[in-house]
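Engineer: Construct the complete structure from the given sequences, taking the supplied hints into account.
Using numbering that gives the first Met the number 0, you'd call the opening residue of the sequence shown number 0 and step up by one each time.
Don't take every hint at face value.
With a straight-line Cα cutoff of 30 Å, these simulated DSSO-like cross-link-like pairs (lysine-lysine) come out [said to hold, decoys possible]:
(1) 80 - 285
(2) 240 - 308
(3) 103 - 249
(4) 103 - 285
(5) 80 - 199
(6) 285 - 249
(7) 308 - 80
(8) 199 - 285
The hints are simulated quantities; they were obtained by calculation from the structure and are not laboratory data.
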Amino acid sequence: MGNSNIAKFVFILNSNKKMPGNHTDAFRFILLGFSDHPQLHLLFFSMFLATYMMTLTGNLLILTITMADAALHTPMYFFLKVLSILEICYTSVTMLANLLSEDKTISFTGCAVQMYFFLFLGGTECFLLGAMAYDRYVAICYPLRYTHIMNHTRCSEMAAVSWISGLLTSLGHTSVIFTLPFCGSNEINHFFCDIPPVLKLACGVTYLNEIAVFMVALLFITFPFVLILVSYLLILLTILKMPSAQSRHKAFSTCSSHLLVVTLFFGTGIVTYLRPNSAYAPVTNKLLSLFYTVITPMFNPLIYSLRNKEVKGALRRTMARNCFLKGNKWLNQTHPQERRSQPR
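Structural biologist: Here it is as structure tokens:
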């Protein structure tokens with residue numbers, strides 16, 4: 000099934016290369032990025048590089064801690080580990096091309112592939128955040144049955160469904176957009192191949208395609224978002240019934256990090272993709288895209304670590320363990336005789 004979908008997708012890309020029309024370079028797009036402010040080019044490059052390195056370092060740190068510390072081998076941190084992997088890939092898809100290449104042109108196939116992986120990872124994250132909300136709902140509303148409901152098999156299945164849903168979303172979106180004829184301007188007023196700016200370059204009647212994109216976005220963005228809202232509504236009702244103020248505070252602090260991430264990610268995504276193409280504004284769209292492609296992945300490790308005592312405790316234990324192992328290694332290398340002569 001997967002191979003036939005990929006073959007179909009490649010066929011669509013190849014067939015579009017034969018598009019008729021009066022165009023300058025329809026098979027290579029030009030990513031304008033922030034070229035309307037050329038004096039700020041160095042500033043934008045430095046900002047992208049700094050945020051990418053922070054995103055990479057922070058998410059790799061979260062990934063290392065959750066794998067190394069046995070206390071974090073729980074469903075909540077299993078999903079956090081998957082989220083960190085997603086954020087690394089998600090940011091790399093949009094930012095590496097801007098950082099590593101001075102040539103801002105991108106081939107027709109390259110643009111389609113970039114959009115495919117961007118939507119694949121973004122759609123997966125939508126459903127993964129929904130799974131994380133469900134995990135918090137079970138933990139707070141059914142604490143005695145939590146380990147039974149959220150077992151390893153259930154968590155793996157939910158993560159797999161998230162990846163498959165993202166795969167189907169990206170395949171549908173990309174196929175719909177890149178079956179359109181492109182003629183006239185080949186300049187994409189954006190810093191990567193996103194849906195709204197690419198759709199603006201399509202010629203002919205695109206109304207039905209816009210409706211199709213809107214419906215798919217409505218389904219694959221709104222469904223996880225509604226699931227998250229319902230989960231947190233039930234969580235809120237459960238928390239308000241707790242007799243202890245300390246229990247209520249602990250429950251709120253457990254969910255606040257995830258809720259903050261959801262607000263940042265879904266808020267900007269909904270404004271970008273669930274509005275008509277006629278309302279597309281390049282500057283606004285770039286700023287919104289910066290939030291869900293750059294800002295949110297960068298802040299995720301900070302939100303989950305600085306506001307989470309378990310992660311900070313695991314980080315301290317990991318650092319202490321590494322220092323202890325390095326100290327023992329140094330002692331064995333510098334005083335091997337003394338170490339062997341010590342009684343056991």
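Engineer: None of the hints should be skipped; say for each whether it holds.
Structural biologist: Verification of the hints:
1. With a CA separation close to 28 Å, the supplied pair residue 80 and residue 285 stays within the 30 Å bound.
2. A distance of roughly 25 Å separates the Cα atoms of residue 240 and residue 308; the hinted pair therefore holds under the 30 Å criterion.
3. At roughly 49 Å between alpha-carbon atoms, residue 103 and residue 249 are farther apart than 30 Å, so this suggested pair is violated.
4. Distance hint between residue 103 and residue 285 is fulfilled; the C-alpha atoms sit about 16 Å from each other, no more than 30 Å.
5. Restraint check: the Cα-Cα separation between residue 80 and residue 199 comes to about 37 Å, which exceeds 30 Å; the hinted pair is violated.
6. Taken as a hint, the residue 285 and residue 249 pair is broken in the structure, with Cα atoms around 37 Å apart against an allowance of 30 Å.
7. Taking the CA atoms of residue 308 and residue 80, the gap is about 17 Å. The hint holds against a cut of 30 Å.
8. A distance of roughly 14 Å separates the Cα atoms of residue 199 and residue 285; the hinted pair therefore holds under the 30 Å criterion.
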